[in-house]
Structures are given as C-alpha cells and as structure tokens.
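Modelling step: build the complete structure from the supplied sequences, incorporating the hints.
Just so you know, the sequences run in chain order S and Z. Here the first sequence stands for residues 1 to 81, numbered as in our numbering. Here the second sequence stands for residues 82 to 788, numbered as in our numbering.
Think of the hints as simulated: they come from the structure by calculation, not from any bench. Take these hints with a grain of salt, some might be off.
[Said to hold, decoys possible] Computed cross-link-like contacts, DSSO-like style, restricted to lysine-lysine with a CA-CA straight-line distance of at most 30 Å:
(1) S:K69 / Z:K585
(2) Z:K557 / Z:K668
(3) Z:K557 / S:K25
(4) Z:K518 / S:K25
(5) S:K69 / Z:K557
[As the list claims (entries may be wrong)] Partner residues aside, some chain Z positions facing chain S, computed with beta carbon under 8 Å:
(6) Y158
(7) S159
(8) R163
(9) P165
(10) N195
(11) E236
(12) L238
(13) A346
(14) V392
(15) T569
(16) F573
(17) L584
(18) G586
(19) M593
(20) L595
(21) E754
[To be verified] Label-pair distances were calculated between CB atoms; the ranges are:
(22) S:G27 / Z:L600: 49 to 55 Å
(23) Z:R225 / S:A26: 51 to 57 Å
(24) Z:S352 / S:P79: 26 to 32 Å
(25) S:A80 / Z:A375: 58 to 64 Å
(26) S:A80 / Z:L600: 32 to 38 Å
In this text, all values refer to a predicted model and were calculated from it rather than measured experimentally. Note that CB positions come from ideal geometry on N, CA and C, so glycine has one too.
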Amino acid sequence: MPSASLISLSQLPVGASATLRDFPKAGTAFLRLREMGLLAGTTLTLVRTAPMGDPIEIKVRGYHLTLRKSEADHLLVEPAR
Amino acid sequence: MALPAHISATAAGASSRQPVYALVGNPNCGKSTLFNALTGLKQKVGNYPGVTVEKKIGTAYSQHGQPITVIDLPGTYSLAARSPDEAVTRDVLLGRRSDTAQPDRILCIVDATNLERNLYLVHQILDLGRPVILVLNMMDLAARAGLEINVDQLEKLLGIPVISCEAIHQRGLIELKLAMSRADLPLARHAWTVPAAIAPAVSEIAAALVEGDRKSPLVARAEALLLLTDQDSVRVAGSTPLSPRTTEILRAWQSRWTQEGTDWAGTLVSSRYDAIGALAAEVVQLRTEVGPSASDKIDAIATHALWGWVVLGVVMTLLFFSIFTLAETPMNWIDGHVAALSDTIKSAMSPGDLRDLITDGAIGGVGGVLVFLPQILILFFFIGLLESTGYMARAAFIMDRLMSRVGLNGKSFIPMLSSYACAIPGIMATRTIEDPKDRLVTILVAPLMSCSARLPVYLLMIAALVPGERVPVFTKVGIMLFMYGLGTAGAFFFAWLFKRTLLKGEPPLMIMELPPYRLPGFKDVALHMLERAWIFVRRAGTVILGISIILWFLSAYPKAPEGATPTAQLAQSFAGRAGHAIEPLIKPIGFDWQIGIGLISSFAAREVFVSTMGVVFNAESSAENTAPLRTALLSAKWPDGRALFTPLVCFTLMIFYVFAMQCMSTIAVVKRETNGWKWPIFQTLYMTGTAWILSFMVYQGGRALGF
Numbered sequence: 001m002p003s004a005s006l007i008s009l010s011q012l013p014v015g016a017s018a019t020l021r022d023f024p025k026a027g028t029a030f031l032r033l034r035e036m037g038l039l040a041g042t043t044l045t046l047v048r049t050a051p052m053g054d055p056i057e058i059k060v061r062g063y064h065l066t067l068r069k070s071e072a073d074h075l076l077v078e079p080a081r
Numbered sequence: 082m083a084l085p086a087h088i089s090a091t092a093a094g095a096s097s098r099q100p101v102y103a104l105v106g107n108p109n110c111g112k113s114t115l116f117n118a119l120t121g122l123k124q125k126v127g128n129y130p131g132v133t134v135e136k137k138i139g140t141a142y143s144q145h146g147q148p149i150t151v152i153d154l155p156g157t158y159s160l161a162a163r164s165p166d167e168a169v170t171r172d173v174l175l176g177r178r179s180d181t182a183q184p185d186r187i188l189c190i191v192d193a194t195n196l197e198r199n200l201y202l203v204h205q206i207l208d209l210g211r212p213v214i215l216v217l218n219m220m221d222l223a224a225r226a227g228l229e230i231n232v233d234q235l236e237k238l239l240g241i242p243v244i245s246c247e248a249i250h251q252r253g254l255i256e257l258k259l260a261m262s263r264a265d266l267p268l269a270r271h272a273w274t275v276p277a278a279i280a281p282a283v284s285e286i287a288a289a290l291v292e293g294d295r296k297s298p299l300v301a302r303a304e305a306l307l308l309l310t311d312q313d314s315v316r317v318a319g320s321t322p323l324s325p326r327t328t329e330i331l332r333a334w335q336s337r338w339t340q341e342g343t344d345w346a347g348t349l350v351s352s353r354y355d356a357i358g359a360l361a362a363e364v365v366q367l368r369t370e371v372g373p374s375a376s377d378k379i380d381a382i383a384t385h386a387l388w389g390w391v392v393l394g395v396v397m398t399l400l401f402f403s404i405f406t407l408a409e410t411p412m413n414w415i416d417g418h419v420a421a422l423s424d425t426i427k428s429a430m431s432p433g434d435l436r437d438l439i440t441d442g443a444i445g446g447v448g449g450v451l452v453f454l455p456q457i458l459i460l461f462f463f464i465g466l467l468e469s470t471g472y473m474a475r476a477a478f479i480m481d482r483l484m485s486r487v488g489l490n491g492k493s494f495i496p497m498l499s500s501y502a503c504a505i506p507g508i509m510a511t512r513t514i515e516d517p518k519d520r521l522v523t524i525l526v527a528p529l530m531s532c533s534a535r536l537p538v539y540l541l542m543i544a545a546l547v548p549g550e551r552v553p554v555f556t557k558v559g560i561m562l563f564m565y566g567l568g569t570a571g572a573f574f575f576a577w578l579f580k581r582t583l584l585k586g587e588p589p590l591m592i593m594e595l596p597p598y599r600l601p602g603f604k605d606v607a608l609h610m611l612e613r614a615w616i617f618v619r620r621a622g623t624v625i626l627g628i629s630i631i632l633w634f635l636s637a638y639p640k641a642p643e644g645a646t647p648t649a650q651l652a653q654s655f656a657g658r659a660g661h662a663i664e665p666l667i668k669p670i671g672f673d674w675q676i677g678i679g680l681i682s683s684f685a686a687r688e689v690f691v692s693t694m695g696v697v698f699n700a701e702s703s704a705e706n707t708a709p710l711r712t713a714l715l716s717a718k719w720p721d722g723r724a725l726f727t728p729l730v731c732f733t734l735m736i737f738y739v740f741a742m743q744c745m746s747t748i749a750v751v752k753r754e755t756n757g758w759k760w761p762i763f764q765t766l767y768m769t770g771t772a773w774i775l776s777f778m779v780y781q782g783g784r785a786l787g788f
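Take a look at the structure:
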C-alpha cells in the first residue's frame with residue numbers, strides 16, 4: 001500500500017468514504033476512538049462538518065460519531081476509489 | 082475445591098435473598114427507559130458517596146411477585162473509564178465500591194440497530210465471569226433499518242439468555258422478568274482468545290492482582306485486561322492503587338512491548354472487535370438496503386451550515402417563549418396561594434412573633450423561591466425532551482466550535498443557555514459533561530447568565546434611570562440586551578480564565594455519538610423532570626427554609642417601639658444595622674445602607690430586592706406597577722441631600738446584579754453538584770468580587786466623567 005495515497009481524515013471531502021489505516025497509539029482520545037470501533041481497516045464516511053467547520057461527523061459501523069479536527073488530523077485514511 | 086464465592090452466592094441469592102442486578106449499557110441505548118419500565122416508580126435516587134454521580138436503585142417484581150433489586154449504572158461505551166460516571170460503573174461491577182453491593186448478575190442492554198459497537202461493552206462484561214442477560218432493545222427500529230437479527234443463534238453462540246425487547250412499548254418485559262427470576266442463569270460460553278503476544282501478560286498480571294492486591298480471582302482477569310487496554314494504570318486502578326509488584330510486572334511488559342513495537346492496547350481492542358465481527362456476521366443480516374434514514378434527512382437540515390442555525394434559534398426561542406408564557410399562570414397561581422395561605426394563618430393566629438415567623442419568614446421565603454418552580458419544571462422538561470429526542474447532541478455539535486474558543490466543548494452550551502431562565506436546572510444539567518473540570522467550569526460560570534429573577538431588578542432600575550413616566554421601548558430593550566450581553570461575556574471570559582489557570586486541563590474532546598432522532602418517551606421525560614424538581618425542592622428546600630428564617634429574624638429584631646412603621650422597623654433591625662455595617666464597603670460604588678438591605682435580602686432570590694425596596698422606602702407597589710416605587714426611589718436622598726438613585730447609581734446597581742452571586746438556591750445546588758462548600762464559596766466570592774470591582778470602575782469612572 002503506497003503511503004502517498006494516505007491523507008488525514010480532516011482532508012477527506014464531505015460525503016467521501018475511506019479506510020482507516022493509521023493513528024497514534026497513545027492518548028485518551030485515540031483509545032476512546034478505538035474502543036468506539038475505529039480501527040485500522042475500518043471503513044468510514046465523512047458525513048458532514050459542523051456549521052462552523054469543526055467538529056466533523058463521520059459514519060462508522062452503522063452509527064454517527066463526531067470528533068474535532070484536532071483529532072481527525074492524526075487519523076490517516078485511504079480514500080475509497 | 083470450594084465453589085468460587087460468586088457461584089455459591091448466586092445460587093444462594095436466588096433462594097434466600099433478593100438477587101441484585103446491575104443494569105449496564107451504552108449511552109442512548111434506552112437504558113433509562115428499560116429501568117423505568119422494570120421498576121416503575123419504585124426508585125431511589127441519590128448520589129454515590131464522594132462523587133457527584135447519580136445512584137439509582139429500583140425494585141422490579143418477577144412474574145411471581147418476587148422482588149428483584151436493580152442498580153441502574155451510568156451509561157458507558159467501555160469499562161476503561163474516562164469520567165467519574167464511567168468509573169462508578171466500572172467500580173461497582175468490579176466490586177470496588179464498599180457502599181454498593183457487588184451485583185450478582187448483570188443485565189446488559191444494547192441498541193439492536195447498532196449491535197457491533199454496543200457488543201464491545203458486552204464483550205468486556207462477559208469477562209467478569211458473572212451471569213449475564215443480554216437485552217436487545219429497539220428491535221422494531223432494527224427491523225425498520227432492514228436488519229434481521231437471529232436471536233436464537235446469538236443466544237446459542239454466547240450461551241446466555243438473549244431477550245429481544247422494545248422497552249419504550251413495554252414489549253419483551255415479561256420474557257425479561259422470567260429470565261431475571263431464573264435461579265440457574267448460565268455463565269457465558271463465549272470464549273475469545275487473547276492474542277498470543279499478550280496472553281502471558283494477562284495471566285501474569287491477573288495472578289499478581291490475586292496475590293499482591295487481594296483481588297478475587299473472578300475479576301482479576303478482567304482487571305488485568307483493563308490495565309492493558311488503558312495505558313493510564315492509575316486511572317484504571319482508581320480508588321484501589323496497584324501493589325508495587327503488580328505495577329512492576331505491568332511496567333516490565335509495557336517496556337518490552339514498546340521495544341518490540343507491539344501496540345498492546347490496540348491489539349486487544351482489535352481482537353475484541355474481530356470476535357464481535359465474527360459474531361455479528363453469523364447473527365445479523367442486512368435484509369434490505371434502505372435509503373437515507375429519517376435521521377439523515379432531518380440532520381441534512383438541522384446541522385446544515387445555514388439552516389442549522391435557524392433551527393437552533395427557533396428551538397431556543399420556543400424554549401424561552403414557553404418558559405415565560407406557560408410559566409406565568411402557574412406562577413401567579415402559586416403566588417396567590419402562598420399569599421392566601423399566609424393571610425389565613427394571619428387571621429387564625431394572634432399577632433406576635435411566632436405568627437410573623439411562620440407567615441413572613443417561612444411561608445414568604447419559601448414561597449418566594451417556589452414561585453420559580455414552574456419555570457424550573459418547564460426547563461427540566463425541555464432539557465429532557467432535547468436529550469431524549471437526540472437534538473441535544475446536535476446543539477452541542479453546532480456550538481462546539483464556539484465553545485472551544487474558551488476551552489469548553491459543545492456540551493456546556495445547553496446548561497449555560499438554560500441559565501438564562503434559571504441557573505438551577507442549568508447547573509443540574511451539567512452532569513452530561515464528562516470531564517470533571519469542564520463540568521466544574523460550566524457550573525462556576527452558569528449563574529453569570531442573567532436569570533429571570535434579575536429581570537424585575539433590571540426593570541425597576543431602568544424605570545428609575547430613564548426620565549419620564551414611560552420608558553421608550555428602544556431604550557428599555559437596549560439596556561436590557563446590554564445587561565444580558567454583559568453577563569454572557571462575563572461567563573465566557575471567566576470560563577476562559579478558569580480553563581487557563583485554576584482548572585487547567587487537556588482541551589476537551591468532542592468524541593460524541595449522534596444518536597438517531599427518536600420520538601420522546603413522554604413518560605420518561607416527565608419522570609426525569611419530576612425527579613430533578615424533587616431533588617431541587619428537597620435539597621435546596623432545607624437551605625432555603627433556613628436562610629428565609631434567618632433573613633426574617635434579621636429584619637424583625639430587635640423590635641422597634643410599638644406603633645412603628647414597617648420602614649422604621651426595618652431601619653433599626655439587624656438587617657438595617659447590617660446595611661449600615663456594609664455601607665463603607667458599598668459607598669465607593671454609590672450605594673447607601675438602604676440599598677445594602679436590598680442586597681442582603683436578595684439572597685432569598687434576586688427579585689426580592691424589589692419588594693425590600695418597597696418596604697425600605699415605604700412605597701406600596703406590585704410587580705405590574707412599579708410607578709409608586711419609582712417615585713419613592715427618585716425622591717430618596719443621601720443625608721447630605723444628594724439624590725440617591727442617580728442614573729449612574731441605577732446603572733451601577735444593574736451591573737452589580739449582573740455579576741454578583743446572590744441566590745441561596747443556586748448556592749445550595751452548587752454545593753450538591755460539587756460535593757462540598759469549597760466551590761460554592763469560591764463562586765460567591767469571585768462573582769461578588771467581580772461585581773464590586775466593575776461597579777466601582779463604572780461608578781467612579783462615571784463620576785469622573787461628570788455623571
């Protein structure tokens with residue numbers, strides 16, 4: 001898998017789907033995100049951004065989740081073609 | 082070998098004493114609805130000692146009328162707890178809380194429309210080695226979403242009873258109660274393999290926990306798994322710090338894995354989700370592909386870049402409109418009845434101090450606060466409605482960016498907004514904020530939002546401020562908006578300040594589920610509203626009664642000579658003397674001792690200022706007609722003949738009321754929500770201090786400018 005195709009979740013366009021590839025191993029936020037089902041290989045869709053651009057809303061494992069861009073910046077995803 | 086303690090306890094429990102069930106589940110899965118459906122009104126609500134986490138215990142009855150105790154634990158996504166609420170859930174399940182019996186059995190409720198993520202918590206619960214009943218809630222919604230769930234197959238794979246249920250329609254309750262009263266609940270058969278790289282560490286740490294920390298063998302494995310899921314072992318251990326030996330073993334493994342590049346926590350979480358994925362693949366089938374759900378369609382508007390603001394604006398306007406219109410009739414009704422009760426007692430008892438104590442002190446004081454109860458109830462009702470429909474999460478989503486500027490997150494928005502009507506429901510609604518520091522900051526600044534009790538004070542001061550009998554609407558609204566804006570700006574400023582200094586913490590997260598919109602369960606909302614209101618009445622009631630009696634005593638003693646007017650009586654009472662005593666303090670901000678009496682009496686409720694001014698200046702007036710009082714205020718003079726209520730003083734007084742903490746009910750509620758006197762005292766001091774400093778600057782500045 002060429003790493004050049006990875007972008008951060010906050011760069012993903014609204015409505016696009018992607019597969020999560022990499023994220024920080026430590027930190028409360030990332031542990032919680034993992035426990036809520038965001039793992040390497042999980043597919044997700046960026047549903048929308050909040051009216052002021054942040055936070056963002058994603059759909060993952062059939063439910064909707066919000067997170068701030070400051071976290072999304074660290075989640076590397078591979079956009080679906 | 083003797084049976085493990087829990088097995089014998091369970092066997093005995095079924096026959097000799099009430100079985101204790103813990104009810105656990107993710108947030109938004111219908112847990113409260115199920116709890117209400119199971120226990121009806123047989124609930125006891127309190128706090129867990131030492132933390133401000135709601136403790137709810139209820140009694141359900143089996144089909145044969147046997148009582149079953151159910152503990153409703155705070156909702157959580159994982160046993161790796163982050164917030165005080167989640168820590169309580171973890172600690173009760175692990176038997177760490179001495180104030181709560183360790184549950185014999187666990188009732189796990191999941192949202193059937195979202196099985197995978199919900200099963201993560203179930204998966205952790207199954208590690209606890211206790212009998213578990215799994216409740217699949219919202220089966221109707223799952224069917225509507227095109228999901229087919231093979232309940233029998235799930236039951237077979239897990240080896241525990243699985244009940245399908247629609248708690249909100251009372252469906253599946255009989256089956257559930259039958260399962261709950263079974264004497265022979267099986268332990269889960271479901272086994273998952275801890276990844277090979279981590280398995281030896283789990284058993285080694287579990288063994289150390291048993292030997293070094295005296296944990297029961299039953300929960301040791303679950304604790305070991307938690308210690309490896311959350312890197313912060315101090316947080317996991319909570320109130321039961323790890324023994325040095327266990328810590329050493331844990332550290333050794335962690336450093337070894339770090340060197341090898343093993344992401345142990347990630348591996349554990351992934352392997353759980355792998356096991357769940359395999360389970361779900363066998364049980365759940367997407368029967369029909371359905372298009373965008375109703376929730377998706379609503380959200381396209383409700384969180385739209387433009388329409389989202391419109392919807393939020395309409396919802397909030399509606400909220401305030403109904404508070405101020407719907408509350409009016411019951412408020413007048415309460416007012417009338419309190420006055421009637423007071424009159425009845427006045428005519429039935431012979432004149433004297435005891436009569437006045439009852440009528441003017443107790444009834445007057447408590448009645449003055451009770452008048453706000455309709456507003457408080459309506460506010461609780463709306464907050465409950467916003468929560469149960471799912472809109473609350475959307476409001477937090479929309480407002481998060483704005484709140485993040487001062488270091489809070491979107492969840493502080495509704496509590497702060499509610500405080501425009503009354504800080505009490507606002508402060509009680511802060512429990513949805515997970516981070517304890519963010520919650521505290523929100524509690525500390527919420528009373529700066531101008532509440533409805535300040536309104537009569539503003540109106541009186543505006544009337545006295547503007548020359549002429551009729552105040553131009555534009556001026557009135559302008560000054561009013563300025564005061565509301567000032568309070569709001571103050572709240573944001575202090576939130577920002579506290580988050581950077583006193584209550585410094587990590588920037589809050591906004592990892593929040595946006596649950597599907599649901600029709601509210603009116604029964605649950607009503608129950609929630611009554612429960613909140615009752616907590617307020619009971620907790621604040623005693624404090625309010627006490628302070629009302631003290632305030633009455635201060636104004637009634639010492640006695641003036643026979644035949645003195647109420648004005649003369651108040652002037653030479655303790656309250657009057659207190660007014661004199663604080664005059665040196667308030668003279669620099671333009672207030673005399675008579676206003677001082679008003680400030681002191683405002684502790685009952687800020688609006689009492691108006692009636693106190695009526696007594697002080699001997700002017701009969703009512704809330705509707707402040708004209709006589711206005712005239713009396715305008716003719717009030719300092720001893721040297723200067724006018725007391727100059728426009729500058731009126732303006733300064735409003736500024737003082739924007740910032741000062743003068744509400745005993747709020748103080749009582751803050752004490753309850755922060756578990757002690759430290760924060761309410763701090764809050765009173767910082768707010769009143771700010772009020773004084775700003776009033777000083779405005780008054781002295783205004784004088785220097787020649788006003």
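These are the hints, each one checked on the structure:
About 21 Å separates the Cα atoms of S:K69 and Z:K585, which keeps this hinted pair within 30 Å; it holds. With a CA separation close to 27 Å, the supplied pair Z:K557 and Z:K668 stays within the 30 Å bound. For the suggested pair Z:K557 and S:K25, the alpha carbons sit about 57 Å apart, so the restraint of at most 30 Å is broken. Proposed proximity of Z:K518 and S:K25 is supported: the alpha carbons are some 25 Å apart, at most 30 Å.
Our distance criterion of 30 Å between C-alpha atoms is broken by S:K69 and Z:K557, whose separation comes to about 43 Å. Hint status for Z:Y158 relative to chain S: holds, with the closest Cβ pair at about 6 Å, below 8 Å. Satisfaction of the interface hint for Z:S159 is found here, the shortest Cβ-Cβ separation to chain S being roughly 4 Å, below the 8 Å cut-off. Interface hint at Z:R163: satisfied, since its Cβ lies 7 Å from the closest Cβ of chain S, which is below the 8 Å cut-off.
The closest approach between the C-beta of Z:P165 and any C-beta of chain S is roughly 15 Å, which is over the 8 Å cut-off, so the hint fails. Nearest Cβ of chain S to the Cβ of Z:N195: about 5 Å, under the 8 Å cut. The hint holds. Of the supplied interface hints, the one on Z:E236 is violated, with its beta-carbon coming no nearer than about 22 Å to a beta-carbon of chain S, more than 8 Å. At about 19 Å, the closest approach between the beta carbon of Z:L238 and any beta carbon in chain S exceeds 8 Å, and the interface hint on this residue is violated.
For the restraint placing Z:A346 at the interface with chain S, the shortest Cβ-Cβ distance is roughly 6 Å, inside the 8 Å limit, so the hint holds. Hint status for Z:V392 relative to chain S: violated, with the closest Cβ pair at about 10 Å, above 8 Å. For Z:T569, the interface hint is violated, since its Cβ never comes within 8 Å of a Cβ in chain S; the closest pair sits about 18 Å apart. The interface hint given for Z:F573 is violated, since its Cβ lies 16 Å from the closest Cβ of chain S, which is over the 8 Å cut-off.
Because the closest C-beta pair between Z:L584 and chain S is about 17 Å apart, greater than 8 Å, the hint is violated. Below 8 Å, beta-carbon pairs count as interface contacts, and Z:G586 has none with chain S, the closest being about 11 Å; its hint is therefore violated. Interface restraint check for Z:M593: the shortest CB-CB distance to chain S comes to about 5 Å, inside 8 Å, so the restraint holds. Here the hint on Z:L595 is kept, as its CB sits about 4 Å from the closest CB of chain S, short of 8 Å.
Restraint check, Z:E754 versus chain S: the minimum CB separation of about 24 Å is more than 8 Å; hint violated. Remark: the range hint 49 to 55 Å for S:G27 to Z:L600 is contradicted by a beta-carbon distance near 38 Å. Look at Z:R225 against S:A26: about 40 Å separates their beta carbons, and that is not inside 51 to 57 Å. Taking the beta carbon of each, Z:S352 and S:P79 are about 27 Å apart, inside 26 to 32 Å as hinted.
About 26 Å separates the C-beta atoms of S:A80 and Z:A375, a value inconsistent with the hinted range of 58 to 64 Å. Taking the beta carbon of each, S:A80 and Z:L600 are about 35 Å apart, inside 32 to 38 Å as hinted.
Hints 3, 5, 9, 11, 12, 14, 15, 16, 17, 18, 21, 22, 23 and 25 from the list above are not met by this structure, while the remaining hints are.
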